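Chemist: Those sequence lines, one after another, are chains U, X and F. All residue numbers for the first sequence refer to the UniProt record's numbering, where the first residue is 1 and numbers rise by one. All residue numbers for the second sequence refer to the UniProt record's numbering, where the first residue is 1 and numbers rise by one. All residue numbers for the third sequence refer to the UniProt record's numbering, where the first residue is 1 and numbers rise by one.
The hints are simulated quantities; they were obtained by calculation from the structure and are not laboratory data. Note that the coordinates shown come from a computational prediction; the quantities given were computed from them, not determined experimentally. Virtual Cβ for every residue (Gly too), placed ideally from N, Cα, C. A couple of the hints might just be wrong.
Claimed, not checked - Partial list, derived from the structure: chain F residues whose beta carbon lies under 8 Å from chain U:
no.: 1; residue: Q30
no.: 2; residue: A40
no.: 3; residue: E59
no.: 4; residue: E67
no.: 5; residue: I70
no.: 6; residue: F78
no.: 7; residue: G97
no.: 8; residue: V99
no.: 9; residue: V108
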Amino acid sequence: MTLSRRETLTIGLGAFAATFVLPKFAFAATEDAIAEFTGGAATGQGDLTLTAPEIAENGNTVPIEIDAPGAEAVLILAAGNPNPDVATFHFGPLAGSHVASTRIRLAGTQDVVAVAKMSDGSFVEARQEVKVTIGGCGG
Amino acid sequence: MSRSFWLGGCAASALIICGPAMLTAQEDPAERSLVINGEIEIVTEADAPAHLENLSTIRSGWTFRSPETQTMQMDDFDNPATLGVEAARAKFSSDLGNGESCASCHEAPEELAGVRAVYPKFDESAGEVQTIEMQINECITDRAGAEAWDYDKTDMINMSALMSFVSRGEAVNVAIDGPAAETWERGKEIYYTRYGLLELSCANCHEDNYDNMIRADHLSQGQVNGFPTYRLKNAKLNSVHGRFKGCVRDTMAETFSPGSPEFVALELYVASRGNGLSVEGPAVRN
Amino acid sequence: MAENVTPRVRVPSSASAGETVTIKTLISHQMESGQRKDDAGNTIPRSIINRFVAAFNGETVIDVTMEPAISTNPYFEFQAKIPESGTMSFTWYDDDGSVYEESKEITVG
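For reference, chain U alone in the conformation it holds in the complex (with noise of 0.2 Å):
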C-alpha cells in the first residue's frame, strides 16, 4: 500500500495535532527561517498580497498566489508543515509583473506565510489560515 505524504502524516501526528495543535518547534523554525531571509530586520505590512484558498480539499496540492508589485524576492513559508520551507521567488529586471502562481504542500490546517523583500531594503509579511480538510474515506 501507497501512502501519501498526507496520509503518513495525519496518521504520524494524528488528525488532531494536524488539525489544531502546531508544532512548537514548528513556530521556531518559521521564525528562524523569517530571520534569515531578513537578517532580523523586522516586517512590516504592505504591498503584498498572499491568495490562497480559505479551505483547501487536499493538502497535497494547495494553489497560492503571491502579488508583490516593488518587490526583489518573497519568501513562502508553511508554518504548521514538519519543514516550513516552500520556496523563495526572485524578480528579475524582465519579471512582467511581481505576480505568481504555484501549488503547495500544506501537512494540515496552518497559516501560509509570504516574506516579501522590497526594493528599498524593508521587508513585509502577509499571512493566510488555509483549513486543510481531513477528508472522508476518499476511497
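Guided by the hints, dock chains X and F onto chain U, whose structure is given.
Modeler: Same frame as chain U, now just chains X and F:
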C-alpha cells in the same frame, strides 16, 4: 505504517455523515458551469436517465468540488492529467513491440472521438461487455499481436485518458438493453449490495447521501464520466476500477480486482447512471 | 535520474514591443519530499527539482528556489516583459544533477 491503522481511521470516518456543506451563494461551486479551454462545453447536470428510480437529477463530480479544484480542470494547461494524455499520444504512434502501433489502424487519436461515450459496451465477437481498457488490450493483442498491458497501470490509464480526452463534451450514452442487459443487472446488484465490515453499498454514500459531508469531504454521486481522474490526493491519474477498489476497500472488505467481471459489470451500471452527462475525463478531483 | 520528466510551457508566439505576457509552466516530477516512508518503513530519500529559472534573451524573468513543499508536477504562472523578439528559456534543476531545458521563440512585430 500499517494498513489496518488507515482502515481504522476510515471506519470512524464512514460513520460520520453530516449535513449539507455550508457554502455562500456567491461561490457555490454547484452553480458554476464547466467550459474547458473556453470552448468545450460540458454538461455537468442533467435529468436522470429513465432507469434511475431514486434520483431525478444527475450531477458530475465536478459540481461537488471546491472552486480551486474546479478551476484546475477548466484549462488543459492547468490540468496535470494532460501529462498522461500527452504520454499516451506519444505511445499511440510508437511501436507496440512488433512493428505495429495504434496508428497502424487509427490515423490519429481524434479519429476515435466519441468512442469513450458508449463504453462499456457489448462486443459481439468477444461475446461479453467490454470496458475501453479491454478494447484497448484487444487491439494490442489480437490486432497488433503484442503483449497485453496491465489493466490498472500507467500505460493503460494514460491511453484510457486519451480516449476520454478526444471524446470530451460528447454525451455519455451506454447501452443497457439487449445483450448488455444481463451484465447491467449484475452491476446494479453489486451497486446495491452492502460490502465489508461497515456494510456499505455504493448507494449508501452516493445515492442516499450525496451532497452531504462524510467527515470533511463533500460526497458526490459517484459518477464516472470524469475518469480517468487526476486526484490531488495522490497526484496522478486514477482509473475507474482503481477508484472502485478504493471505495470497496474502505468498507473494510476484500475487494474485487481491476478488470474483474464484477467491476466491469459495476462500471457499466455506474456509467449508465451518468447517461446524459458529458464525457469529462481526464477530470481533476480531490 | 527521475523518470519521465517532461517540461511543458505555454508562451505566446508573438507580442508587441514592451508587452507583458503571461507564462505557464508544468513539469512532470514526483517531487519526493523525503518525509514519506515505503511499505517496509524506510524513509524514501528526497528527490526534487530545487530550482526553476525563466529568462528572456539571457535576462532573468523569474528565479525560484524550490523546497519539498512544492507539489508533485511543479506548476508556475508568472508574467514577463518582452522588449524585442527573442527566446524565452526555461531551466529546471534536479537534486540528482539533471537539468531540464525548454525554450520558445517570441516574435515582436
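Chemist: Hint by hint, say whether it matches the structure.
Modeler: Status of each hint after checking the structure:
{"no.": "1", "hint": "Q30", "result": "11 Å, violated"}
{"no.": "2", "hint": "A40", "result": "12 Å, violated"}
{"no.": "3", "hint": "E59", "result": "5 Å, holds"}
{"no.": "4", "hint": "E67", "result": "4 Å, holds"}
{"no.": "5", "hint": "I70", "result": "6 Å, holds"}
{"no.": "6", "hint": "F78", "result": "4 Å, holds"}
{"no.": "7", "hint": "G97", "result": "20 Å, violated"}
{"no.": "8", "hint": "V99", "result": "18 Å, violated"}
{"no.": "9", "hint": "V108", "result": "13 Å, violated"}
Checked against the numbered hints listed earlier, the structure breaks hints 1, 2, 7, 8 and 9; every other hint is satisfied.
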